[in-house]
Structure formats: C-alpha cells, structure tokens
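Undergrad: All chains, please: the whole structure from these sequences, using the hints.
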Amino acid sequence: MTTVVYVAGGILAIAVLLALYRAVRGPSILDRVLALDVVLAVVGAGLVLNMVAGRHLDNLVLLVTISLIGFIGSVTVARFVTDRK
Amino acid sequence: MVNDVIVSVLLVGGALMSLAAGIGLVRFPDLLSRMHAATKPQVLGLLLFLLALAVEFESWPLVPVLVLCWIFQLLTSPVSAHMVGRAGYRTRHLRRDLLTLDELDDVVARAAEGDPAGPDRTEATRREAGGGTA
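In order, the protein sequences belong to chains B and D.
Here the first sequence stands for residues 1 to 85, numbered as in the working numbering.
Here the second sequence stands for residues 1 to 134, numbered as in the working numbering.
Everything labelled a hint here was simulated from the structure, so no lab data went into it.
The beta-carbon is built from N, C-alpha and C at its ideal position, and this holds for glycine as well.
The reader is advised that the hints may include incorrect statements.
Using C-beta positions, here's what the derived DEER-type ranges look like [what the hints assert, rightly or not]:
no., chain 1, residue 1, chain 2, residue 2, range
1, B, LEU62, D, ALA109, 16 to 24 Å
2, D, VAL2, B, PRO27, 23 to 31 Å
3, D, ASP106, B, GLY10, 46 to 54 Å
Example chain B residues on the side facing chain D (calculated, C-beta under 7 Å, incomplete) [stated by the list, open to error]:
no., residue
4, ALA13
5, TYR21
6, ARG22
7, SER28
8, ALA35
9, VAL43
10, GLY46
11, VAL64
Not close to chain B: a few residues of chain D, all C-beta gaps over 12 Å, as computed [to be verified]:
no., residue
12, ASP97
13, LEU101
14, LEU104
15, VAL107
16, ARG110
TA: So, in structure tokens, the structure goes:
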C-alpha cells in the first residue's frame, strides 16, 4: 500500500510539473487558467491520496472547496478576457 | 487484501489521468485541444480517486458525501469549460487549420447579417453583455 501511494504521488508530481510548465509558458491567459485548473485537480487528487494513506477523512471539505475555487476562478477570468485589438 | 488491490489500481489509474492531462497540456498545439486534455483529471480522475476512497473505507455513510463532491465537480466543470472555450473562440485563440468543422462560424455570420443595426452594434453589445451572437 505504501508503495502504491508513493507511485501515485510520483505520477501526480510529474503531472503537476507539466501543468505548471504550461502555466508559465502558456501563450494566452486562457491557457494559464486551464493549466491552473489542472493543477487544482491534481491538488485534489493529492488530498484524496493523503486521506487514503493516513486513513482519515479530514480533507473532504477541502476537496469540495477546491473544486468551488477552481470553478469561480476560471469563470471569472474567462468572463473578463475581451477582444482587444 | 482484495480491497488493497482494487484501491491500488484505482489510485494509479487516477494518477495516470492527471499525467495524461499534463502531457496533453504540454504537447497539444492550441487552446481547444488542450481543453480536451485538461478535463480528464477533473471528472474521470476525481471519480477514480473517490472510488478508491470509498473502497478503502468501506462505509456507506461516506458514499453520499463522495457522490455530492463528484456531482458538484460534474456540474461546475462543463460551465467553466464553456466559458473558457467561448472566450477562446472570441479572442481567436484557436488554430483554424486544425479544425475540420466550425459550426459556430455560420451562426455568427448569419446573426451578423440579420442584425438590422449592422455589425457595429453587434460588436458593441457582444463586448458589453458578454452574451450575444456566439
């Protein structure tokens, strides 16, 4: 079980690094928003992994909060992206 | 023992969804294809992780909370994806040469033609209201 947690954690770490690379490089702000949404999804996955590894349920509220924050964040940014020429 | 195997498979599967999204974000050429990759960990990855949690704890009172969490993500992620996609389409953050079909193009053209006040007003209301033709 410990091995599985480490393996999944390693894969998540690689995923978050790739997403952060896109968030830094991303040519437009929408690319960055998208990449940061993926980062939030990976953070949520890490919270679940932490709950499975430690056999506790403390992070469930955080999980819902994180998806709420991701929703509000990306909708707000997308709303204010306008066509400036 | 069996539970451990199931939980392991679900956890690694969910992590691989995140990895697929990361690779897709780096390798795909434009915004719309990156959006396609980015939805994998948000819905399917979260589902696998929540299933792993449910199998690990084996308690029925936990299930409604997990279902609520997943339904919430399921309701919010299409809305935000729609907003991002719409903003991307309007600000032309897409590569037209990669599109096989653009159904929205005809609709936008027809709406611009049919508007009696002309394209200027359409442009103004679109920017102001955020709604409009597209």
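Undergrad: So, for every hint listed, does it hold in this structure?
TA: So, going through the hints one by one against the coordinates:
Checked against the hint of 16 to 24 Å, the pair LEU62 (chain B) and ALA109 (chain D) fails, with Cβ atoms roughly 46 Å apart. Taking 23 to 31 Å as the suggested C-beta distance range, the pair VAL2 (chain D) and PRO27 (chain B) does not conform, at roughly 48 Å. Remark: the range hint 46 to 54 Å for ASP106 (chain D) to GLY10 (chain B) is upheld by a beta-carbon distance near 47 Å. The interface hint given for ALA13 (chain B) is violated, since its Cβ lies 10 Å from the closest Cβ of chain D, which is over the 7 Å cut-off.
At its closest, the beta carbon of TYR21 (chain B) sits 6 Å from a beta carbon of chain D; the interface hint therefore holds under the 7 Å criterion. Hint status for ARG22 (chain B) relative to chain D: holds, with the closest Cβ pair at about 4 Å, below 7 Å. Here the hint on SER28 (chain B) is kept, as its CB sits about 5 Å from the closest CB of chain D, short of 7 Å. Nearest Cβ of chain D to the Cβ of ALA35 (chain B): about 6 Å, under the 7 Å cut. The hint holds.
Interface hint at VAL43 (chain B): violated, since its Cβ lies 10 Å from the closest Cβ of chain D, which is beyond the 7 Å cut-off. Annotation: GLY46 (chain B) was flagged as interfacial toward chain D, and the flag is violated, the nearest CB pair being 9 Å apart, outside 7 Å. Taken as an interface hint, VAL64 (chain B) checks out: its beta carbon lies about 5 Å from the nearest beta carbon of chain D, inside 7 Å. Interface exclusion of ASP97 (chain D) from chain B stands, the closest Cβ pair being 16 Å apart, more than 12 Å.
Separation of LEU101 (chain D) from chain B is adequate, the least Cβ-Cβ distance of about 22 Å exceeding the 12 Å criterion. For LEU104 (chain D), the non-interface assignment is confirmed: its Cβ lies about 15 Å from the closest Cβ of chain B, beyond the 12 Å cut-off. Remark: the non-interface label on VAL107 (chain D) is consistent with the geometry, its nearest Cβ contact in chain B lying 18 Å away (cut-off 12 Å). Distance check for ARG110 (chain D) against chain B: the nearest CB is about 20 Å away, which clears 12 Å, and the non-interface claim stands.
Of the numbered hints stated above, those contradicted by the structure are hints 1, 2, 4, 9 and 10, listed in ascending order.
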